[in-house]
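Asker: Heads up: the protein sequence lines correspond to chains A and B, in order.
Residues 1 to 181 in full-length UniProt numbering are what the first sequence spells out, letter by letter.
Residues 1 to 253 in full-length UniProt numbering are what the second sequence spells out, letter by letter.
Bear in mind the hints are in silico, worked out from the structure with no lab data behind them.
We put the beta carbon where it would ideally sit given N, CA and C, even for glycine.
Be careful, since some hints might not be right.
Label-pair restraints from in silico Cβ distances [unchecked claim]:
id, chain 1, residue 1, chain 2, residue 2, range
1, A, Glu57, B, Arg209, 19 to 29 Å
2, A, Ser153, B, Ala168, 48 to 58 Å
3, B, Thr242, A, Glu157, 53 to 63 Å
4, B, Gly162, A, Pro22, 32 to 42 Å
5, B, Ala206, A, Ala65, 17 to 27 Å
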Amino acid sequence: MSSGDDGARERRFRGVHAATYPDLLRFVQRRVPPSEAEDIVSTVFLTAWRRLDDVPEDARPWLFAVARRTMANQTRSWLRRQALDVRLVAQDEPAYGDGTVDAAARIDLDRAWRSLRPDDREVLALVAFDGLTAGQAATVLGCRRSTFVMRLSRARERLRAALEPAAVRPHALAVLKEQQS
Amino acid sequence: MKDLEQLAALDPAGGHEPTPAEWARANALVDRIVEGGATAHAAPARRPATRRWAVGLVAAGAAAVVGAVTVPSLLPGSMDRALASWTPVPGSLTGEQVMPQARRCAESGVGSDPAAPVSPSDVLLAEQRGAATLLIQQRGAGVIECMSVDGGRPAALALADGPLPPPAAGTVNVETRSSVGDGDDQYSNVVGLVGPSVTGVDLVLADGRTVQTSTRGGWWAAWWPGPEGGEIGSITVLVHHTAGTSTHRIEDL
Numbered sequence: 001m002s003s004g005d006d007g008a009r010e011r012r013f014r015g016v017h018a019a020t021y022p023d024l025l026r027f028v029q030r031r032v033p034p035s036e037a038e039d040i041v042s043t044v045f046l047t048a049w050r051r052l053d054d055v056p057e058d059a060r061p062w063l064f065a066v067a068r069r070t071m072a073n074q075t076r077s078w079l080r081r082q083a084l085d086v087r088l089v090a091q092d093e094p095a096y097g098d099g100t101v102d103a104a105a106r107i108d109l110d111r112a113w114r115s116l117r118p119d120d121r122e123v124l125a126l127v128a129f130d131g132l133t134a135g136q137a138a139t140v141l142g143c144r145r146s147t148f149v150m151r152l153s154r155a156r157e158r159l160r161a162a163l164e165p166a167a168v169r170p171h172a173l174a175v176l177k178e179q180q181s
Numbered sequence: 001m002k003d004l005e006q007l008a009a010l011d012p013a014g015g016h017e018p019t020p021a022e023w024a025r026a027n028a029l030v031d032r033i034v035e036g037g038a039t040a041h042a043a044p045a046r047r048p049a050t051r052r053w054a055v056g057l058v059a060a061g062a063a064a065v066v067g068a069v070t071v072p073s074l075l076p077g078s079m080d081r082a083l084a085s086w087t088p089v090p091g092s093l094t095g096e097q098v099m100p101q102a103r104r105c106a107e108s109g110v111g112s113d114p115a116a117p118v119s120p121s122d123v124l125l126a127e128q129r130g131a132a133t134l135l136i137q138q139r140g141a142g143v144i145e146c147m148s149v150d151g152g153r154p155a156a157l158a159l160a161d162g163p164l165p166p167p168a169a170g171t172v173n174v175e176t177r178s179s180v181g182d183g184d185d186q187y188s189n190v191v192g193l194v195g196p197s198v199t200g201v202d203l204v205l206a207d208g209r210t211v212q213t214s215t216r217g218g219w220w221a222a223w224w225p226g227p228e229g230g231e232i233g234s235i236t237v238l239v240h241h242t243a244g245t246s247t248h249r250i251e252d253l
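For reference, chain A alone in the conformation it holds in the complex (with noise of 0.2 Å):
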């Protein structure tokens, strides 16, 4: 390989580097402790650099791939073989996000949350957390665009549903009360 080549994929690491270390940390975050994803993130930027070549115009999808292998595989003390799932804002940290879903949403949204299959909270997450479109998603799951679809269709229909107790839940209350008084 001539020096000039070197420079090339030098150039090109840096660039990607660059671009997309923010989402990736914060991809991260999401779903290992705070502490653990410096570490993950090195991992993949390491495997980002030996496989440079198949890294895709489009990296974003392609680095979030190799992070979600990278967590599936470091088995510490935090996953012990526990599900890669992905983590919430914790009751002591401030909630971020545009101030549109007062408390007691966020309490309905938080159980319904929990209440889903890992499996649907990464699809929910990977779009409502990470932004990625129907198919940068499904390059980070290794799936058809159309089988990312349907899945994301399946997860919010859980979600609603999950949702609607706490939203009757008034109503129902209303309902107790009239028997009481």
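Chain B: place on chain A using the hints.
Answerer: Quick look at chain B alone, frame taken from chain A:
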């Protein structure tokens, strides 16, 4: 899509931008990766593609100027050399023999006490598999694992910040296990504590390979080519002790 938009309220990383320190560590890693890659290009003798090697586990220390960062993987050039020379039976080394590596591991800044002095007695376990040296090393009150290849830049990982209770007599535990990499570059690592009267620990992998681990200083450790460290049901642990040998699924330890 309102339901998906609402979910953003639960995002644990939403709005988080890398801090200047995170950027500094990330950019330092890129520099090291590029540097290691150039080394790999200069050494074109790679293993045959059909052979499956692996490299030890690991984590690299960051440049001191940007603080400690762990990278659970060897840099590319080092990885190739470690993979190509791996042996299933390790050689045992003394603390005196590995003081150069131990000093470089300490300089990586990994561990809860990065300024602690280094002495041969701090090396709890040292093994050699081909070009790779693996250390379990006391750093102040804590313990780190560190791997280096051909005396190059080490990769270190914090194992404990303070004393750990030993397992019961004749038993071992697993403190950490993992696999790193893809395809033929994948490798596994296991580290644990040994209880009194344990005389040795062997691993039998799902494909029938046996890996002899190193046991010394209250610890056992091994690394090997392959993905088993991150899998379920792929590793059987044989614990040799003064009363015989016991067999365990690694998930049970």
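Asker: Take the hints in turn and mark each one as holding or not.
Answerer: Verification of the hints:
1. A:Glu57 / B:Arg209: 19 to 29 Å: violated (40 Å)
2. A:Ser153 / B:Ala168: 48 to 58 Å: This hint holds: roughly 52 Å between Cβ atoms.
3. B:Thr242 / A:Glu157: 53 to 63 Å: With a Cβ separation near 60 Å, Thr242 of chain B and Glu157 of chain A satisfy 53 to 63 Å, so the hint holds.
4. B:Gly162 / A:Pro22: 32 to 42 Å: holds (34 Å)
5. B:Ala206 / A:Ala65: 17 to 27 Å: Given about 25 Å between the Cβ atoms, the range holds.
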